Amino acid sequence: MTDMTSVLQDQVRVAADTGAGLNIVGAGTKTGLGRAAQGQTLSLLEHKGVISYSPTELVIQVRSGTTVTELNSILAEQKQRLVFDPPVFNDQATIGGSVAANQSGSSRPWVGGVRDSLLGVGLINGTGEHLHFGGQVMKNVAGFDVSRCQVGAMGTLGVITEVSLKVLPQYEADATLVFAASVADALQMMPQYMQRNLPVTSVCYWQGKLYVRLQGSTAGVDSIVSAGDGSVLAQDAAIALWHQLREYKLLDATTEQVLWRSNVAATDALVMCTDDCLLNWAGSQRWQLLPADQAGPEQAIQFMGGDRQGEVNGELNSVARQLQGRLKKAFDPHSVFNSGRLYSWM
Amino acid sequence: MPLAKEPQVSTVLSRQALVADLGRLVTPQQVLDDDENQRPFECDGLAVYKQMPWITVIPNTSEQVQDILAYCYKQRIPVVVRGAGTGLCAGATPHASGVLLVMTRFDQILSIDADLAQARVQPGVRNLALSQAAEPMGLYYAPDPSSQIACTIGGNVAENSGGVHCLKYGLTVNNLLAVTLVTMEGELVTFGGPGYETPGMDLVALMAGSEGLLGVIVEATVRLLPRAEKVQVLMAAFAAVTDAGDAVADLVGSGVIPAGLEMMDKLAIVAAEDFVKVGYPTDAEALLICELDGTEAEVAQQLEAVKTCFNHCGATSIRVAKDAQEAARLWLGRKSAFPAVGRISPDYYCMDGTIPRSQVGKVLTRIGELSTHYGLPVVNVFHAGDGNLHPLILFDDAKSGDLEKAEALGGDILTLCVDVGGTITGEHGVGLEKLSHMPYQFSDQELAQFRGIKLAFDSHELLNPGKAIPTLKYCQEYRSIQHD
Ligand SMILES: Cc1cc2nc3c(=O)[nH]c(=O)nc-3n(C[C@H](O)[C@H](O)[C@H](O)COP(=O)(O)OP(=O)(O)OC[C@H]3O[C@@H](n4cnc5c(N)ncnc54)[C@H](O)[C@@H]3O)c2cc1C
Chain X
0 MTDMTSVLQD QVRVAADTGA GLNIVGAGTK TGLGRAAQGQ TLSLLEHKGV ISYSPTELVI
60 QVRSGTTVTE LNSILAEQKQ RLVFDPPVFN DQATIGGSVA ANQSGSSRPW VGGVRDSLLG
120 VGLINGTGEH LHFGGQVMKN VAGFDVSRCQ VGAMGTLGVI TEVSLKVLPQ YEADATLVFA
180 ASVADALQMM PQYMQRNLPV TSVCYWQGKL YVRLQGSTAG VDSIVSAGDG SVLAQDAAIA
240 LWHQLREYKL LDATTEQVLW RSNVAATDAL VMCTDDCLLN WAGSQRWQLL PADQAGPEQA
300 IQFMGGDRQG EVNGELNSVA RQLQGRLKKA FDPHSVFNSG RLYSWM
Chain H
0 MPLAKEPQVS TVLSRQALVA DLGRLVTPQQ VLDDDENQRP FECDGLAVYK QMPWITVIPN
60 TSEQVQDILA YCYKQRIPVV VRGAGTGLCA GATPHASGVL LVMTRFDQIL SIDADLAQAR
120 VQPGVRNLAL SQAAEPMGLY YAPDPSSQIA CTIGGNVAEN SGGVHCLKYG LTVNNLLAVT
180 LVTMEGELVT FGGPGYETPG MDLVALMAGS EGLLGVIVEA TVRLLPRAEK VQVLMAAFAA
240 VTDAGDAVAD LVGSGVIPAG LEMMDKLAIV AAEDFVKVGY PTDAEALLIC ELDGTEAEVA
300 QQLEAVKTCF NHCGATSIRV AKDAQEAARL WLGRKSAFPA VGRISPDYYC MDGTIPRSQV
360 GKVLTRIGEL STHYGLPVVN VFHAGDGNLH PLILFDDAKS GDLEKAEALG GDILTLCVDV
420 GGTITGEHGV GLEKLSHMPY QFSDQELAQF RGIKLAFDSH ELLNPGKAIP TLKYCQEYRS
480 IQHD
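Each protein sequence line maps, in turn, to chains X and H.
Here numbering that gives the first Met the number 0 is used: position 304 in the first sequence is 303, and no number is missing along the way.
Here numbering that gives the first Met the number 0 is used: position 340 in the second sequence is 339, and no number is missing along the way.
Quick caveat, the hints were computed from the structure, so don't treat them as lab data.
Since the model is a prediction, treat every value here as computed from it, not as a measurement.
Possibly wrong hints are sitting among the right ones.
[Claimed, not checked] Restricting the straight-line Cα-Cα distance to at most 25 Å, the calculated cross-link-like pairs of lysine to any residue (SDA-like) are:
1) X:K248 - X:D221
2) X:K165 - H:K265
3) H:K265 - H:T241
4) H:K167 - X:Q194
5) H:K167 - X:R80
6) H:K229 - X:A226
7) H:K472 - H:A447
8) H:K265 - H:R365
9) X:K328 - H:Q444
10) H:K229 - X:G227
11) X:K208 - X:G229
12) H:K229 - H:A323
13) H:K167 - X:L81
14) H:K472 - X:H131
15) H:K73 - H:V18
16) H:K229 - X:P190
17) H:K167 - X:K328
18) H:K334 - H:P135
19) H:K167 - H:G137
20) H:K167 - X:R195
21) H:K306 - X:H131
22) X:K78 - H:Q300
23) X:K328 - X:Q308
24) X:K165 - X:V49
25) X:K78 - H:H311
26) H:K167 - H:K73
[Claimed, not checked] To be clear about the criterion: a stretch of chain X counts as covered by chain H if any three or more of its residues have a C-beta under 8 Å from a C-beta of chain H, and this derived list gives those stretches:
27) 53–64
28) 106–118
29) 149–157
30) 211–218
31) 321–333
Each residue gets a CB set at the ideal place from its N, CA and C atoms; glycine is no exception.
Turn these sequences into a full structure, and let the hints steer you where they fit.
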């Protein structure tokens, strides 16, 4: 429960003055994502704790070093939960890192991702100023959306000191349906779960099966289950499946095996949809494990594993690159934060 | 009117020369420079801010937009973008020596993909037209501003607009997948894509609510939602606004997230009932209109929870719509509230603060006191589930001093919203109107960070200059007045 903000600001100011680079780190669980980090460690691990939590407002404001597991258990005491269900990485992952690395869970297409839960941030910019954007209310359009801009930025724009997140009550019921399906069948079957208003929170294809997770009110979930489509997966098997999927454990990346990811139109029948692929998000997020010496699929990013020195997040066209370069400068004029973590040139 | 100080712009060319040049980039018919034809563009929905455009261009292709912007960039001519002009913060108010870019001819729905439940649209497509086009596929576009008959998707993205269904389904930003933008330098760039997320910083989100300051939106990809199997509307009357406020906080806090949860106070109930006669209880002090959606089973379960909660909070009556017609009538009163208020007052001024739900009762009571203090009636009809207030301040512009009083009262309401932990604008944007309240919500350093973002996209501050983000000088003046 410590507020380290002023210590962190001092460290940033010193780095800005001396021209040193900082590597912002929570628990280090995302070290394998993005490009290899450089610079002195700026640790957020001690900067933790709940700043405010009002269950009836469905909002929690926490320091960024708080672990996702701690956060989940604080919310669970009030029978609430995070909406975007990020991985916990052996209970180590911090919420700041989860936001910076955009760790949206399997329910992304139905209930939204990190950005949709994020209501506000505290941010130390590259000159050491501590700034606040957004807030604790659901709707807020005063000024540019600096908060959501941090999602996926991998700390390149500043040190996220605190986040305000929208939370929701826990689901009353959940069940998982399973269907035997080839990847081609799965592609055919998936769209219906986007086209009907059902209590669906995940649809994925893995190893010859299509899995559909239902979560919501008891009445809502029961009515789908009793309709009798597919078979119901045993509770412990279902828990294990969704856990492994969330924690990136179904496809295990190593230095020799690269985990590729691509986000495409869910109906795309050309990109990464062979039987060995994992299709999540009703088909719009695709995963494939390939030997490190093999070229990755077109459009895919090198999500985890292999050599992390290259342009693992892909190339940007010149206009996007120029704009992002200027944005980076606007937040971090002395290039203090996470150099090269997102792109080699940033 | 506290008009923003605008950055110095040097236009060496005469209007005539410019019109000729622009006419060559598009066609001469697409360029207007006379008062008669430009009068409709003089203001947006906040008509107290008026400025006759200098030159208006009505492009119809992205290439034309690119050419116009590249040209204006070279000549250092300010550019203001306009959609349907329904904005309520003077965001589309023209610039006295700039080009107004009217986007209404970009009115094509490029594709609706039922399998993906997504649509690609040009920015001039009207909000309601998209839902209507998606209807045969059982889909609709969820963010539904009350102005949805007229307002455009481009304007919606630029303001990050909301509507009555945003409680459950989110604002524009939560339904936006990709944006194609023309930068002030005339470059075309796309952020986002159909696969929900792209690597790196979320620039799609940055475009939402960017108020025409960062680029001209020429295309957007949005997600569509399936129509629910069952929709149930109910209305509950309360004998005190605080009871209704508590009911809202209790209901959402208990975990029931209605598709919409709207509140009207007595003045709004009476005005709406007089106007559209839908059977609202005119003796009630407050009314909640609640819409539930989902499967039959889900809705039945939620309905019981809602009734229990409302009764517990002292509802004096609850009416559950028997069928779709009755539901439509219950909504009609709410949706007609603004024009209904227009009938009882020569002018009204719509505010847009958001507050924590638990503060609704307290803030409405305080607004009542302020209303008495200023001697101007205030009507409340708003998105209660989100805590997004829309106090309508009634005044008469013909009466000298009334507008100033309305603005002062509005300003007090906005600072009140910030004081209880909220914001000066939930969905209408800052524009020219709320510039002077930005320094109340943000520090100079935070405002300077906003400016940094602006300059990253528009280094010469040519796009919608003088709006949304106050200059530092402006803030210093503001703060010195506050301290006097
Ligand atoms: C009766 C009434 C009810 C309303 N109800 C609601 C409501 O419930 N919820 C809500 O959120 N708002 C509401 N509004 C406000 C308004 O309708 C919204 O802000 C709407 O999104 C504006 O769209 P527009 O096309 O009219 O944009 P305009 O008013 O033309 O422009 C708004 C802003 O967007 C910018 N802009 C427009 N098009 C583009 C583009 N292509 N690229 C870049 N920038 C662009 C303009 O520069 C300006 O800053 C209401 C307004 C009225 C009059």
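Can the restraint linking X:K165 and X:V49 be considered satisfied, given a maximum Cα separation of 25 Å?
14 Å, holds
Practice prompt. Closer than 8 Å, Cβ to Cβ, for at least three residues: run that test on the segment 106–118 of chain X against chain H and report holds or violated.
Written response: holds (count 6)
Inset, instruction - Would you mind confirming whether the straight-line C-alpha gap from H:K472 to H:A447 stays at or under 25 Å? - result: 11 Å, holds
Test coverage of the segment 321–333 of chain X by chain H using CB-CB distances below 8 Å; three residues minimum.
It holds: at least three residues are needed, and the segment 321–333 of chain X offers 7 whose Cβ sits within less than 8 Å of chain H.
**Study point:** Pairwise hint evaluation, X:Q194 against H:K167, where the allowed Cα distance is 25 Å at most
**Key:** 17 Å, holds
Exercise. Does H:K229 pair with X:P190 here, judged by a C-alpha cut-off of 25 Å?
Worked result: With Cα atoms ~21 Å apart, H:K229 and X:P190 stay inside 25 Å; holds.
- prompt: Quick one, are H:K167 and X:R195 close enough, alpha carbons at most 25 Å?
  reply: At roughly 16 Å apart (the allowed maximum being 25 Å), X:R195 and H:K167 satisfy the hint.
Does X:K208 pair with X:G229 here, judged by a C-alpha cut-off of 25 Å?
11 Å, holds
Would the hint linking H:K229 and X:G227 be met if the CA-CA limit is 25 Å?
21 Å, holds
Please work out if X:K328 and X:Q308 have their alpha carbons no farther apart than 25 Å.
Holds. X:K328 to X:Q308 sits at ~22 Å (cutoff 25 Å).
message: Holds or violated: X:K78 and H:Q300, Cα atoms, limit 25 Å.
response: 19 Å, holds
Would you check the hint for H:K306 and X:H131, treating anything up to 25 Å between C-alpha atoms as holding? 39 Å, violated
In this structure, the earlier hints numbered 1, 2, 17, 21, 26 are contradicted, and the remaining ones agree with it.
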